[in-house]
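Listed below are the residues making up each chain.
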Amino acid sequence: MTTAVLDHADELFAALAEPNRRLLLEHLGTHGVATATALAAELPVTRQAVAQHLAVLESVDLVTSARAGRERRYTVHVEPLTAAASWMNHVATQWDARLAAIKALAETPPTS
Amino acid sequence: MEQDRVERTVRIAATTERVWDILTKPEHIGHWFGSGTPAAVDLRPDGVMVLEPGDGERYLARVVKVDPPHYFAYRWASAYPDVLADETNSTLVEFHVAAEGEVTRLTVCESGFASLTIPADREAFASYESHSRGWTEVIRNIADYVEQGAA
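Chains H and U supply the protein sequences, listed in that same order. For the record, in the first sequence the residue sitting at position 90 is 90 according to the numbering used here, with numbers rising by one throughout. The numbering used here runs 1000 ahead of the 1-based position in the second sequence.
Only chain U is shown next, with the shape it has when bound in the complex (with noise of 0.2 Å):
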C-alpha cells in the first residue's frame, strides 16, 4: 500500500556523513527526536532503538535497514508506547540522504499509516485539530498524500 506516505525534505549545510551521525548516533537521536537524553540504539537489522520524544512515553523502533550515509530505515509503533514494533502496529520510517552540490537532502518518508488500528484511547493526539479546519481543503490535503504516494 503506497497510498498513504507523509513525505518531508529538508536541505543541511553539512556533509552526508555528519547528516548520518546525526541521524544514527544515541546523543544526537535523543536530540532531534524529543526528550534530549541519548537514545538507547542497537543499530542493525532488528535492533531496538528506543525513542523517547520527552511526553513521558518510550517506544521500542525495530531497525529494519542500515545502509551508511544514504539509507536507514526503523518502524515505530507510535500508537502503542512500550510495545515493540511489528508489521502490525506500526509505520515505516525511511531516511534518505543524499548529496546535492554543496549540501545535503535529507528526505525522511513515514508509511503504512492505513493499516494501522488506532486504539480508541489513543485518538486524542489523532484528531486534535479535526474541527478546526475547512473539509475541502481536507480532501486537497488527502489528495496530496495520494497523489505523491502513487508516484
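Next up, chain H with everything else stripped away, as it sits in the complex (with noise of 0.2 Å):
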C-alpha cells in the first residue's frame, strides 16, 4: 500500500453501490480474466452494458484491463476494496467492543 486507498472512496462505495456491478465483479473474479463478450453471455445485460459498468470499475481501480487482439481483457484489482472493506471492518469491531462496556457499565447496579 503506497498510497491513500481511501481518497476516492465516494466513488468507490457508487460504484459498487449497483447490484449487477457486484455480480459482474464476482465473475470476473471467479474467471481471472475476461473479456466484456464472455460476461455478457452470463450476466441477464448487454455487452454494451456489461463494457459500461467495466468503465465504471476500472475508473475507480477496482478492474484493470489489457487490450489482447481485438477486445480487452479484464482482471479485478482487489486493493482498493479490501482496504475500505476491512477499515469498515475495524470500525464495526471496535463499536462491538465499546457497545459490550456500555451493557457491561449500564447493568452494574450504581454504587451510590
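Honestly, I wouldn't trust all of these hints.
[Claimed, not checked] Sample of chain H residues at the chain U side, in silico, Cβ under 10 Å: (1) M88; (2) N89; (3) A92; (4) A97; (5) L99; (6) A100; (7) A101; (8) I102; (9) K103; (10) E107.
Hints in this document: simulated from the structure, not taken from any laboratory. Note that beta-carbon positions come from the ideal geometry of N, C-alpha and C, so glycine has one too.
Bring the two chains, given one by one in their own frames, into a single complex with the hints.
This is the structure we're talking about:
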C-alpha cells in the first residue's frame, strides 16, 4: 500500500452500490481474466451494459484491463476494495467492543 | 451520502436513563471508550468532548446534538488526533436510545466515511487485515453496508 487508498472512497462506494456491478465483479473474480463479451454471456445484461459497468469499475481502480487482439481482457484489482472494507470492519469491531462495555457498565448497579 | 455507514445495536437490561448516563457522563465515557480516565465533556451542541481510546492519542470530538435520554450525536476525526472535528475531517456518530419492553435498545451509527481522506501515514490501521480475507466475502460485506445505508 503506497497511496491513500480511501482518497476516492465516495466513488468507490458509489460504484459498488449498483447490484449488477457487484455481480460482474464476482463473475470476473471467478474467471480471473475475462472479456466483456464473455461476461455478457453469463449475466442478464447486454455486452454494451457490461462494457459500461467495467468502465465505471476501472475508473475507481477496481478492475484493470489490457488489450488482447481485438478485445480487452479485464481482471479484478482487489486492493481498494479490501482496504475500504477492512477499515469499515475495523470500525464495526471497535463499536462492538464499546457497546459491550456500555452494556456491562449499565447493567452494573450504581454504587452510590 | 447515506451509503457508507456502520450500524450496531445492543440490548441492555437497564433503563434508558441509566444507559444515557453511561453514554454521556465523563467518568463512564472514559471507561467504555478506552483509557479509563474520565473524559472532558462539554455536553451541548458545539461542545468539545475529549476522547482517549487508550492508544496514547487524543481525539477532539464536537458534540452535534443532545436530546436526553434518546439521542446523542457527535463528530470525531478518527484519522486526525488532536484536531477538532469539523465537517470535512470527521465521521458522525449517532446514538439512539429507546425503551423496548423490559430492556433498552442502544443503536450506534457511524457515517460519512466516504467523504473522508485518510492520510497515508494512518493507513496501517485502515488496512490492517486486508490481506487475510477472501475478496468475494469483502464484496458481500460492502453490499451489506450499502444496503443498510439505503434502507
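A quick look at each hint next to the structure:
no.	hint	result
1	M88	holds, 6 Å
2	N89	holds, 7 Å
3	A92	holds, 5 Å
4	A97	holds, 9 Å
5	L99	holds, 4 Å
6	A100	holds, 7 Å
7	A101	holds, 4 Å
8	I102	holds, 5 Å
9	K103	holds, 5 Å
10	E107	holds, 5 Å
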